[in-house]
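Visitor: Position chains B, C and D relative to chain A; hints supplied.
Chains as they are written, first to last, in the working numbering: chain A, 1 to 172; chain B, 1 to 172; chain C, 1 to 172; chain D, 1 to 172.
By construction, these hints were calculated from the structure, which means they are not laboratory data.
Where is the CB? At the ideal position from N, CA and C, for every residue including glycine.
It is possible that part of the hints are untrue.
Unchecked claim - A short list of chain D residues far from chain A (calculated; beta carbon distances all over 12 angstroms):
id : residue
1  : F47
2  : I148
3  : I159
Said to hold, decoys possible - In silico negatives: residues of chain B with every beta carbon more than 10 angstroms from chain C:
id : residue
4  : A28
5  : N40
6  : T55
7  : D56
8  : T62
9  : E67
10 : F96
11 : L97
12 : H128
13 : L130
14 : V134
15 : S136
16 : P139
17 : K164
18 : F172
Claimed, not checked - Subject to a maximum C-alpha distance of 27 angstroms in a straight line, what follows is the list of computed BS3-like cross-link-like pairs (lysine-lysine):
id : chain 1 : residue 1 : chain 2 : residue 2
19 : B       : K131      : C       : K70
20 : C       : K157      : C       : K131
21 : A       : K103      : D       : K146
22 : C       : K164      : B       : K29
23 : D       : K29       : D       : K54
24 : C       : K163      : B       : K103
25 : B       : K70       : C       : K163
26 : D       : K54       : A       : K131
27 : A       : K163      : D       : K163
28 : B       : K163      : B       : K146
29 : D       : K64       : A       : K131
30 : C       : K164      : C       : K70
31 : C       : K71       : C       : K102
32 : A       : K157      : D       : K98
Here's the letter readout for the chains.
There are 4 protein chains.
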Amino acid sequence: MISIVSTTNRINSNSLKVATKCQEILFAKGIESELFSLENLPADFIFSCSYGVKTDEYETLTRKYIENPKKFVFVIPEYNGSFPGVLKAFVDSLDFLKLSGKKAALIGLSSGHAGGLRALDHFTEILHHLKIEVYSDKPKLSGIEKLIDDTQLIDDKSIERLKKMLGNFIEF
Amino acid sequence: MISIVSTTNRINSNSLKVATKCQEILFAKGIESELFSLENLPADFIFSCSYGVKTDEYETLTRKYIENPKKFVFVIPEYNGSFPGVLKAFVDSLDFLKLSGKKAALIGLSSGHAGGLRALDHFTEILHHLKIEVYSDKPKLSGIEKLIDDTQLIDDKSIERLKKMLGNFIEF
Amino acid sequence: MISIVSTTNRINSNSLKVATKCQEILFAKGIESELFSLENLPADFIFSCSYGVKTDEYETLTRKYIENPKKFVFVIPEYNGSFPGVLKAFVDSLDFLKLSGKKAALIGLSSGHAGGLRALDHFTEILHHLKIEVYSDKPKLSGIEKLIDDTQLIDDKSIERLKKMLGNFIEF
Amino acid sequence: MISIVSTTNRINSNSLKVATKCQEILFAKGIESELFSLENLPADFIFSCSYGVKTDEYETLTRKYIENPKKFVFVIPEYNGSFPGVLKAFVDSLDFLKLSGKKAALIGLSSGHAGGLRALDHFTEILHHLKIEVYSDKPKLSGIEKLIDDTQLIDDKSIERLKKMLGNFIEF
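Extracted from the complex, chain A is given alone in its bound form (with noise of 0.2 angstroms):
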């Protein structure tokens, strides 16, 4: 089981279609993963739900999406030159100890030309200092309004590049 989550919490996001499209790659591979997209958190949760106070509903949500899967894909929009912060907040909510040992693949994406190079950097760093290991090839989707329409990824090249790291990736 892998949980593929997509790390903004904005409102029909890019980062969604392109998760999305991994779930899509890796039923086709026979693999099954849930999908968990950041804007289905509590509007509150970084006051309601951090610094070791829960709600059972958000234990829950985090048990089944982050506490149970053994492996991760986080798809990573780059927001002012590093990850959302809402995934970082969200990393905050989490109980750390249960979290090392998994296993993680990064994807970037970005308006510009850098692919989101300097968001995966980070969240590589926070995801080694929580004994999450990571995947060493992280996509990196540049100029992502061309690789998309209005409801999916539709760029065939973005397209086979996912599906050649996802594949690996189950072997990781």
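Guide: Here is chains B, C and D on its own, set in the frame of chain A:
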């Protein structure tokens, strides 16, 4: 006018104690400052005041503490190997075009031994991306629990360190 | 007096072409500069001129290009996902106490799409460690092979980008 | 077969003492290893063996210590806020196509308090760029002078830390 930002929303945080000391130090040097703690953000700001949408109250707040000041002091605790997610979420809610050319000093704190080094590195890269100049001298207060009491920063060496940096930052 | 450093020892490097263009741009603005290419370092400097030991010739070289100037322009190509090793080896051979308070502008170049973003991030952190101020605006020339010919930088947009940054850096 | 690399060319380095201890620990666990110190690189390798040109002797050296092993332990001291330049210069002299898929453990050391944290971050990003997997647990030995004597690493806590990591790395 310098804006001092305590970059966590944790209640009674060490960061706020350090930020308060910075305000005292600046006051003693004849420099006026405002202190803003991220605990005073609207609880749902990530969902209600991001990606181009803002309430009037939020506009007033960001104008006072972020858009009007020319200089910032960011007090940044290390959470999970980087800055608090709430800080980046706050940055993501701002109008980045209004930030260019401002100047920032960074102070790190951590329970561990590195004093928030990586949090400062990550945030420096974000500020540079926003074309905010970052002063090179960034005090790192490691083992922060031993440097504070219930209400304030009490460690003399740390206070001297902050005095030296802030004195130079005024001229930066 | 500004020192422009081409930070690779590769012969006939793209970096040297970009560095030469920077010197022309500064000259047109009435600013004198020296250009130093790391290809002119002694071939065995890592072993003969590091860790406190230096030849007289090396002292003369580092005094002229590093210790005397107050400002630097570093032209940095991406090698293996970061700056060239020879650049950091050169930094390791310097007397860091003589560097504090200087100011640097950084220009990145790469064959790939990120324009040396990570090389610039890494080197910024090293310069900040040495208490050298780093200008926030760091041009990134990606796809460098298409921007140069056999002898010089020819891409108009890139040249305008450098002119804008260098014009502002003079005032930094 | 694991290759342990002491990543400085400084004579009688602390890194070499830590690397030697790693070899002892692996030996006690029944794991064969080779130890390579960068002080044994040709003094002019940056100029004579980089950018596609190599001597036969250099080919033999890199085949033995880098291309043949499947796993590496890099012992990395902090110099000027990052890894030693000679390490990156060594990486720049390698054929990166022969590195993909290998696995690396990183150990940092520093005189200061951060234990080479940033050196490890920077080098992790370079290894990931080369598609080398990096183990998330990276021991950081700060205040290294107090942990060693004239000939070896003597601090019990540090030795236990290395034993734990290396024991797990064997299974990585």
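Visitor: Next, verify each hint and record whether it holds.
Guide: Against the structure, the hints:
Every CB of chain A is more than 12 angstroms from the CB of F47/D (nearest about 30 angstroms), matching its label as outside the interface. Taking the minimum C-beta to C-beta distance to chain A, about 26 angstroms, the non-interface status of I148/D holds against the 12 angstroms cut. A cut-off of 12 angstroms between C-beta atoms confirms that I159/D is not in contact with chain A; the least separation is 21 angstroms. No beta-carbon of chain C comes within 10 angstroms of the beta-carbon of A28/B; the shortest separation is about 24 angstroms.
For N40/B, the shortest C-beta to C-beta distance to chain C comes to about 28 angstroms, beyond the 10 angstroms cut-off, and the non-interface label holds. Distance to chain C confirms T55/B as a non-interface residue, since its nearest Cβ pair spans about 30 angstroms, more than 10 angstroms. Residue-level check passed: D56/B sits 31 angstroms from the nearest beta carbon of chain C, beyond 10 angstroms. Non-interface call for T62/B relative to chain C: holds, since the shortest CB-CB distance, roughly 21 angstroms, exceeds 10 angstroms.
Every CB of chain C is more than 10 angstroms from the CB of E67/B (nearest about 18 angstroms), matching its label as outside the interface. Every CB of chain C lies more than 10 angstroms from the CB of F96/B, the least distance being 13 angstroms, so the non-interface label holds. L97/B, annotated as away from the interface, keeps every beta carbon of chain C farther than 10 angstroms; the closest lies near 15 angstroms. Not every C-beta of chain C lies more than 10 angstroms from that of H128/B, the closest at about 4 angstroms, which undercuts listing it as non-interface.
Its closest Cβ contact with chain C, about 8 angstroms, brings L130/B to no more than 10 angstroms, contrary to its assignment away from the interface. At roughly 7 angstroms, the least C-beta separation between V134/B and chain C is not larger than 10 angstroms, which violates its mark as non-interface. Not every C-beta of chain C lies more than 10 angstroms from that of S136/B, the closest at about 4 angstroms, which undercuts listing it as non-interface. P139/B, annotated as away from the interface, keeps every beta carbon of chain C farther than 10 angstroms; the closest lies near 12 angstroms.
Every CB of chain C is more than 10 angstroms from the CB of K164/B (nearest about 12 angstroms), matching its label as outside the interface. With a least CB separation of 8 angstroms from chain C, F172/B falls inside the 10 angstroms interface cut-off, contrary to its annotation. For the proposed pair K131/B and K70/C, the alpha carbon gap of about 22 angstroms is at most 27 angstroms, so the pair holds. Only pairs whose Cα atoms come within 27 angstroms are accepted, and K157/C paired with K131/C is rejected, the gap being roughly 32 angstroms.
Using a Cα cut-off of 27 angstroms, the hinted pair K103/A and K146/D is violated, with the two alpha carbons roughly 35 angstroms apart. About 36 angstroms separates the Cα atoms of K164/C and K29/B, which puts this hinted pair outside 27 angstroms; it is violated. The straight-line distance between the Cα atoms of K29/D and K54/D is roughly 36 angstroms, outside the 27 angstroms bound, and the hint therefore fails. As the CA atoms of K163/C and K103/B are separated by approximately 23 angstroms, the hinted pair is consistent with the 27 angstroms bound.
Taking the CA atoms of K70/B and K163/C, the gap is about 26 angstroms. The hint holds against a cut of 27 angstroms. Between K54/D and K131/A, the direct Cα distance comes to roughly 38 angstroms. Violation of the 27 angstroms bound is thereby established for this hinted pair. For the hint pairing K163/A with K163/D, the CA-to-CA distance comes to about 38 angstroms; that exceeds 27 angstroms, so the pair is violated. Only pairs whose Cα atoms come within 27 angstroms are accepted, and K163/B paired with K146/B is accepted, the gap being roughly 19 angstroms.
With a C-alpha separation of about 31 angstroms, the suggested pair K64/D and K131/A falls outside the 27 angstroms cut-off, and the hint is violated. For the hint linking K164/C to K70/C, the alpha-carbon distance of about 20 angstroms falls within 27 angstroms, and the restraint holds. With a C-alpha separation of about 6 angstroms, the suggested pair K71/C and K102/C falls inside the 27 angstroms cut-off, and the hint holds. Under the criterion of a C-alpha separation no larger than 27 angstroms, the hint pairing K157/A with K98/D is consistent with the structure, at around 25 angstroms.
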